[in-house]
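Given next are the chains, with one letter for each unit.
4 protein chains.
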Amino acid sequence: MTVKMSIPEMQEFLDRVFPQMKGAFTILEVAPFRVKVRMRITDDDLRPGGTVSGPAMFTAVDCAYYIATLAMIGPEALAVTTSCHIDFMRRPAPTDLIAEARILKLGKVLSVGDVLVYSDGMAEPVAHANLTYSMPQKPSGIGVK
Amino acid sequence: MTVKMSIPEMQEFLDRVFPQMKGAFTILEVAPFRVKVRMRITDDDLRPGGTVSGPAMFTAVDCAYYIATLAMIGPEALAVTTSCHIDFMRRPAPTDLIAEARILKLGKVLSVGDVLVYSDGMAEPVAHANLTYSMPQKPSGIGVK
Amino acid sequence: MTVKMSIPEMQEFLDRVFPQMKGAFTILEVAPFRVKVRMRITDDDLRPGGTVSGPAMFTAVDCAYYIATLAMIGPEALAVTTSCHIDFMRRPAPTDLIAEARILKLGKVLSVGDVLVYSDGMAEPVAHANLTYSMPQKPSGIGVK
Amino acid sequence: MTVKMSIPEMQEFLDRVFPQMKGAFTILEVAPFRVKVRMRITDDDLRPGGTVSGPAMFTAVDCAYYIATLAMIGPEALAVTTSCHIDFMRRPAPTDLIAEARILKLGKVLSVGDVLVYSDGMAEPVAHANLTYSMPQKPSGIGVK
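Quick mapping for you: the protein sequence lines, in order, are chains A, B, C and D. Adding 3 to a residue's 1-based position in the first sequence gives its number in my numbering. Adding 3 to a residue's 1-based position in the second sequence gives its number in my numbering. Adding 3 to a residue's 1-based position in the third sequence gives its number in my numbering. Adding 3 to a residue's 1-based position in the fourth sequence gives its number in my numbering.
Calculated from the structure, these hints are not laboratory results. All figures in this text were calculated on a predicted structure; none of them were measured in a lab.
Copies of the same chain look alike in the list, so a pair counts if it works inside one copy or between any two.
Straight line, CA to CA, 30 Å or less: simulated DSS-like cross-link-like pairs of lysine-lysine:
#	residue 1	residue 2
1	Lys7	Lys39
2	Lys108	Lys39
3	Lys7	Lys111
4	Lys7	Lys25
5	Lys7	Lys108
6	Lys25	Lys108
7	Lys25	Lys39
Work out the full structure, taking the sequences as your base and the hints as a guide.
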């Protein structure tokens, strides 16, 4: 399988479908079953002591995996998160997050994979997540679109 | 073990330590190893189609489990989330969330338990999460408090 | 929804379909979306120091959740485990295991729930697991049964 | 950090400490924070239809991660599994399993990482697991070794 959308096409799709995220995600690299994205961290995402909030980390892994799935199935589809397991391993720095998503299985029913999250400029990951997405189900039978 | 803080003490502690959350969480019930809390959902937490965002769901489970742990170990302590596994089971309604947290093990090193999340007024849970917290480690040796 | 099989029917089905498990599981209680089972622990399941092996614990949670799903969907169906998250919380005693499974969502595509595992006679659980099963998909279209 | 044991040293340690596993695991490669092992599949591990049982898959991921941790901390230590999350992605073939374990964080309290499992000769993984081990705690204070 190959990538079905270019980086500009995906970037435009994200801005249109998720306007609340506008500008937060920059797609850095796309390859079959893999993407690397940057998530802009703002003051709203920081916590006392100079670290990044848990919900912001969740946003990073969920959106990175969404983008990886989008790249492979194209823009007409809608996949929803059915489970997310995150291991928080190191304290994030108060900087942008870099998330590397990898699809391990792209099935008819489920998409399964993982995401490594780094604080920009740090060598070791701050979090690792496993995600499962439920794939859009095509209507079956005759006479339905 | 018994609960170490009253609901007003916990509510005051949360407002002081997490001012960014001020008012979002109302503690409804506290019992040993169990709490029930309400999380106020605002327009920022909603998504197109009238549902609640994933990061808001993450906030609900993480804060509910934090509050359950706080009730049992008291205000001087600081526990951090080391892992969170969420199963998203049903589409949330655009209403407040009710989260019921249960501590299954409160050990010296780890606190392990789960959280059921409901849309206010719905009978069936929208999400279920397992959380692990790393417990604050006391300094060891002689002459330290 | 109601339970579709009696305990003797389920017990007979398990012995027939999983002969390698013959006699290991005794169904103690069945109610809608809940079962309680006993897993017989033999010398093969023990580890030095007098504890129960991890694979035996896995067997307990997986089979308990299978039985809970079987009770609700009936014997013609085949559901497969797509994910299993286990928190090992306490050292098991070298005795039978008691597993309490609970279905939180029985959907068309996925069955999601959890299992608490106890060493027989102990008050506190030794493990807690979240499981997801992929439900048997009916063929679609015309002319198929 | 570097690897603290050679492959023959680890192989001898495993045979001595886990005699019930004797011969099941062959360590193929060791590098800092990574190992690759083969698990021999026998008739006891197979299921009707010619596939490998869930408990055997659990054994593969748990032992592979144990070996990766052992390589980094050396033979005197004892680490125990505190959580294991497995995504079962494809039906295993009735052959040996190849497991690639990766340590993402080797902390004082927890070791966190993941394992990819392949059926020998297949290109795509059959399972992916995240594991957390609790690290052996050194006694603290004065006068203890």
